[in-house]
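Chains as they are written, first to last, in UniProt numbering: chain V, 1 to 56; chain W, 1 to 374.
Hint data in this document are derived by calculation from the structure and do not stem from the laboratory. Ideal placement from N, C-alpha and C gives every residue a C-beta, glycine not left out. There's no promise every hint is true.
[As the list claims (entries may be wrong)] A short, non-exhaustive set of chain W residues, derived as facing chain V with CB atoms under 8 Å: (1) P37; (2) V235; (3) V236; (4) A247; (5) A301; (6) G334; (7) A352; (8) T356.
[As the list claims (entries may be wrong)] Between beta-carbon pairs, the in silico distance windows are: (9) V:I8 <-> W:K304: 17 to 27 Å; (10) V:A32 <-> W:L19: 32 to 42 Å; (11) V:A9 <-> W:R296: 13 to 23 Å; (12) W:L187 <-> V:I8: 41 to 51 Å; (13) V:M1 <-> W:R13: 15 to 25 Å; (14) V:A9 <-> W:A183: 12 to 22 Å; (15) W:Y367 <-> V:L22: 43 to 53 Å; (16) V:I8 <-> W:A198: 39 to 49 Å.
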Amino acid sequence: MTRLPVVIALLAAVAALLALDLATSHPLDPFAAPPLMALGSGQASGGAHCASLPGQ
Amino acid sequence: MTDTPLEARIAPRLKGRALAVLMALVAALAVAALAGPRYGALLLIGLGFGIAMEGLRFGFTGPWRRLILFRDATGMVAQMICIGLVAVAAFPLLASNPTELSGAHAPVGYAMIGGAFVFGMCMQIVLGCGSGTLVNAGSGNIVSAVALPFFALGSFAGAYHLTWWTGLGSLPVAALSGPFGLALTLLALASVAGIALAVAEPGKRKLPGRLWAAALIVAGLAILHLVVAGQPWGVVYGLGLWVAKGAVALGADLSGSPFWAAPGNVERLEQSMLTDITSLTDIGLIAGAALAAWWRDGLTARVKGHPVHAWVAVIVAGFLLGYSSRLAFGCNIGALFSGVSTGSLHGWAWFAAAFTGSWYGIKLRPYLGLEPRR
Chain V
1 MTRLPVVIAL
11 LAAVAALLAL
21 DLATSHPLDP
31 FAAPPLMALG
41 SGQASGGAHC
51 ASLPGQ
Chain W
1 MTDTPLEARI
11 APRLKGRALA
21 VLMALVAALA
31 VAALAGPRYG
41 ALLLIGLGFG
51 IAMEGLRFGF
61 TGPWRRLILF
71 RDATGMVAQM
81 ICIGLVAVAA
91 FPLLASNPTE
101 LSGAHAPVGY
111 AMIGGAFVFG
121 MCMQIVLGCG
131 SGTLVNAGSG
141 NIVSAVALPF
151 FALGSFAGAY
161 HLTWWTGLGS
171 LPVAALSGPF
181 GLALTLLALA
191 SVAGIALAVA
201 EPGKRKLPGR
211 LWAAALIVAG
221 LAILHLVVAG
231 QPWGVVYGLG
241 LWVAKGAVAL
251 GADLSGSPFW
261 AAPGNVERLE
271 QSMLTDITSL
281 TDIGLIAGAA
291 LAAWWRDGLT
301 ARVKGHPVHA
311 WVAVIVAGFL
321 LGYSSRLAFG
331 CNIGALFSGV
341 STGSLHGWAW
351 FAAAFTGSWY
361 GIKLRPYLGL
371 EPRR
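Only chain W is shown next, with the shape it has when bound in the complex (with noise of 0.2 Å):
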């Protein structure tokens, strides 16, 4: 007990934090006033997914987690309800705009699917996916700071040979569109929400408050999103960007890969990531969370210690993690979210391998060294 008065131990919290709100506005209006009004709303953009992810704790790695180990349907359920939002207003958006808005739609492959199974094992293996992983290391999670990194190390590289692995062999490029696609993307997300929650322990199905909020949230931002950038959100293309930036700028050349060298990637090498969507929004999302958690409690949390294999496994799997995801034409955000509320069958293909990679990650874990085995 302290003989503090309340009063005097809460005000230097309550103004530590109006100065970190104040910070983040003064941020994305010095980028607006930089680069462009678009692109200070878009760091805005990515604040609010992080503070809302953090905040609430919504995410993907964790409520797959939850369904396959617990039987817990809560957070399958959010996620699903939350794509369904955003496909009930981007199908009609993209389809009356179809030279504004694009969706994000790639083709169903062999390299495509064999990526986002390793992805789904690799997210459980350091408990983050594509967002997952930035607002964990944002609110202080050292295995996602230490991932995070190599994450976009192998973004870098995945880019780098994606023109080979797609080579390998790809369906042409397959999307829903009109009120029939619309209905049948409703109702494949209502029918993996009915999946879950079937399966799931009694007392682990109904969603709390939290939950419906964070849904409601992040879908009216990945909206929102859509109608400024003008594209879906995504995560890891700006992961990658950044170490290729960083590549350029130590005199590396990047001539020698189709990706790299394509007119829009070396427009974007030589543009600022100031002006780069998913660059912003990634920063955001690092921000926003670093935001909420120091909001929630200083964070004061101890950080947890791992044994040296442990992190080795981090730093491969970190590393996959971005490989995979350029392979699979996006994360759990870039292909499973904004691919299936866009459309793309790709985005199905994606949810159906990662999962199945979740279950190997899941079973992985204990033996690499980052939890107890059971």
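The shape of chain V in the complex, shown without the other chains (with noise of 0.2 Å):
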């Protein structure tokens, strides 16, 4: 077997859970989402991170 059959799978499987996501989460919303650049936007930095504790 060769690498293409493994990667298919795997974007296979990336597709499948993007749409059961976008099945299962509250809709889009692209007049309601941040600047393009956090950097310059006045807004708080507000994503997940790896780092960050609750509450922290």
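With the hints as a guide, dock the two chains, each given alone in a separate frame, to form the complex.
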């Protein structure tokens, strides 16, 4: 077997995950999205990161 | 030999490559249109990471292994240069924009150090760290592709139990900042590079052009990530989130976990992955690596087989990679790369513990059936 089927299976799994996510999450709203860049936006940084503890 | 003219053989490949690049750009534009421009940009940055790391063979696990086994310093020196370049930009950016931008700062603690040690060991067993497992899986490496779902499960479980582990004892969060902090960070990075060069064998010290290019490109993308996302590059949060979202979709109640029940994470669980920073760059890493590998050889390399007990080891190590990286407040990216480049002392503690763990992981690998015994 070559690497091609492995990649196809992996990309298919990611696509399925995205489809499940879009079906079960709140609808996307591009008009409520943050600006392109956090720097200069005036908004507080609020994304989740592996270095963060809850409430940190 | 074939009688087909060279142009006729190259043309379909060029068309295929152009189509693949076009599809990647369309995907980023679609995310920007559906979710917002920041999220489309983050997918593009993730694709850039994946293309650069796979295309230029820049990583963390392999260089540590080559330094320990073959006294080859080149990859380790490239890592230190890359982290140093990011630090030069990140320290002043964080100091002048403390509200809009945040560093990868976390406390040093017992579980953090133990987690980093286990992570270092397991990353040598599967030959893939946080970014490396995604990049390797994206390029068709079956060991990483098998390890990846268990990595995600481990990340979810580690996050679920994180507050119990941190309760074992942690120091307050400590981070270097300002010109003195930056100078100290650069000095420490230079010292690591200097030690690596000192122990290296002659002929294994000079960086090839591809590693210089990779260090510059990855550093540029990491700085762009900080500016666009407002936080440094990370990997493992996104993987745990994918499993948590799947668990919730199947009816699981995560309110028993202080981590997943925290307001910020509840919001992440309710919103789409297309608005989650680490999810987007993780997907970009996989797709970018697939693109680079396909570009290089059309993914025609044969997949290597292993005995059953080696696959069991891969599954266990994959799970432990995810679990331990949550206890360690990040993997080689979230803790080492982003922690050190934004001044967090936990990044240095992570490096010391994970490098020690790597030494044991390298010793363990042949006994697990993943390579011949020497």
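Structure-based check of all given hints:
1. A least Cβ separation of about 4 Å between P37 of chain W and chain V falls short of the 8 Å threshold, and the interface hint therefore holds.
2. Of the supplied interface hints, the one on V235 of chain W holds, with its beta-carbon coming within about 7 Å of a beta-carbon of chain V, less than 8 Å.
3. The beta carbon of V236 of chain W comes within 5 Å of a beta carbon in chain V, closer than 8 Å, and the hint placing it at the interface holds.
4. A least Cβ separation of about 11 Å between A247 of chain W and chain V goes past the 8 Å threshold, and the interface hint is therefore violated.
5. Residue-level restraint check for A301 of chain W holds (minimum Cβ-Cβ distance to chain V is 5 Å; threshold 8 Å).
6. Interface hint status for G334 of chain W: upheld, as the beta-carbon distance to the closest one in chain V is roughly 4 Å, under 8 Å.
7. The closest approach between the C-beta of A352 of chain W and any C-beta of chain V is roughly 17 Å, which is over the 8 Å cut-off, so the hint fails.
8. Below 8 Å, beta-carbon pairs count as interface contacts, and T356 of chain W has none with chain V, the closest being about 21 Å; its hint is therefore violated.
9. For the hinted restraint 17 to 27 Å between I8 of chain V and K304 of chain W, the CB-CB distance of approximately 18 Å keeps it satisfied.
10. Look at A32 of chain V against L19 of chain W: about 33 Å separates their beta carbons, and that is inside 32 to 42 Å.
11. Taking the beta carbon of each, A9 of chain V and R296 of chain W are about 20 Å apart, inside 13 to 23 Å as hinted.
12. Taking the beta carbon of each, L187 of chain W and I8 of chain V are about 47 Å apart, inside 41 to 51 Å as hinted.
13. Restraint check, M1 of chain V to R13 of chain W: a C-beta distance of roughly 21 Å satisfies the suggested window 15 to 25 Å.
14. Checked against the hint of 12 to 22 Å, the C-beta distance between A9 of chain V and A183 of chain W comes to roughly 48 Å, which is inconsistent with it.
15. Taken as a hint, the range 43 to 53 Å holds for the pair Y367 of chain W and L22 of chain V, whose Cβ atoms sit roughly 44 Å apart.
16. Between I8 of chain V and A198 of chain W the beta carbons are some 45 Å apart, a value that agrees with the proposed interval 39 to 49 Å.
This entry does not satisfy hints 4, 7, 8 and 14, going by the numbered hints stated previously.
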